[in-house]
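The task is simple: from the sequences and hints, build the whole structure.
Quick note on numbering: the working numbering labels position 21 of the sequence shown as 724, and the sequence is numbered without any gaps.
It cannot be assumed that every hint is accurate.
[Unchecked claim] FRET-style restraints, in silico, Cβ to Cβ:
no., residue 1, residue 2, range
1, D777, K944, 38 to 46 angstroms
2, D777, A955, 35 to 43 angstroms
3, G743, R715, 16 to 24 angstroms
4, E991, D885, 34 to 42 angstroms
[Said to hold, decoys possible] Pairs of lysine to any residue residues, derived as SDA-like cross-links and limited to a Cα-Cα distance of at most 25 angstroms, are as follows:
no., residue 1, residue 2
5, K721, A796
6, K944, L909
7, K910, A829
8, K944, G984
9, K910, G743
10, K910, G946
11, K910, T863
12, K721, V779
13, K944, A905
14, K910, N899
15, K944, A847
16, K721, R758
17, K910, P864
Hints were generated in silico from the structure; no laboratory data involved.
Backbone N, C-alpha and C fix where the C-beta goes; we use that ideal spot for every residue, glycine too.
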Amino acid sequence: MSAVEEHTYAHRDTGALKLRIFTPTGETDRQIAVLHLHGGGWRAGAPAMLEPRSRVLSALGYTVIQVQYRLLSDTVAWPAPVTDLRSAMRWVAGHADELDVRSDAIVLWGHSAGAHICLMTACSLADEKLDHPDDDSSLPVAVAAVIDCYGPTSFHSGATPLLAVGPDGPDLTAIAANQRSDGALPGIDLLAHPCNEDQADAISPLKQVSADFPPTMIVHGTSDTLIRPENSQRLTSALNKLGVVCELVTFAECSHEFDAAPSYAAVVGAHLDVFLRQVLGDPALVEEIHEYSMFRAPAPQ
704 MSAVEEHTYA HRDTGALKLR IFTPTGETDR QIAVLHLHGG GWRAGAPAML
754 EPRSRVLSAL GYTVIQVQYR LLSDTVAWPA PVTDLRSAMR WVAGHADELD
804 VRSDAIVLWG HSAGAHICLM TACSLADEKL DHPDDDSSLP VAVAAVIDCY
854 GPTSFHSGAT PLLAVGPDGP DLTAIAANQR SDGALPGIDL LAHPCNEDQA
904 DAISPLKQVS ADFPPTMIVH GTSDTLIRPE NSQRLTSALN KLGVVCELVT
954 FAECSHEFDA APSYAAVVGA HLDVFLRQVL GDPALVEEIH EYSMFRAPAP
1004 Q
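Below, the structure is given as structure tokens:
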């Protein structure tokens, strides 16, 4: 089992923000840092809920770093989590030698709301569209790849929240009624106030991605009723049209957060491993693909 180290990467008015670092186990060390973000509707959740999934990838040779980010509240507003993730990336890049990772191989991996934060962070670093007053911008940093597990990718200006919670838990009727047929969620769920279409587009990765977006792997269950699969399908189509390397992996009859189950966590981890090795240029995988391809070009020199 991988050792876990905890470090403070930033201080905010809400207190210190921590990283939990899982060092690679086994004989393989890929020198790739994977920053791992939990879901929870931007207002709940904690890094510890990711532990089994983080350990799956660290066992495959990755340095997996769980990121504590500020949860939205009456005093913390969007885009605070993006600011925090940018700061966490810069902390990792600044400590790359100590962590035995490459500063040019920082991957963002998120689930649900955490995936949305990863996508928007990659957008913000590509285009510098967002204002981040707490972010130390003195150290340049780039996203090598994004792993989006069932994240919301578009929002609309509807004034009724999707995530209405009653005395018996989430209101499933509201979840069904307040999503558009294309999977877009009400922007009020993120911003905590009604918004217009321009404001909804500004928080929608689908509207913010560009040709400079990093390689992206998207994972979704086909029976997800909280974040509908259309979110991932539409983002995949948009990235493909932009010429961005993008892979969509769907899991039949699976619902939201399905990969928390150990069997699925292992399968998703294996998919992520091959994707990251491919897009980050693992020579052994390049040779293997060439060897087993039925119709292959001349071997790379």
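Against which earlier hints does the structure fall short, listed by number upward? none
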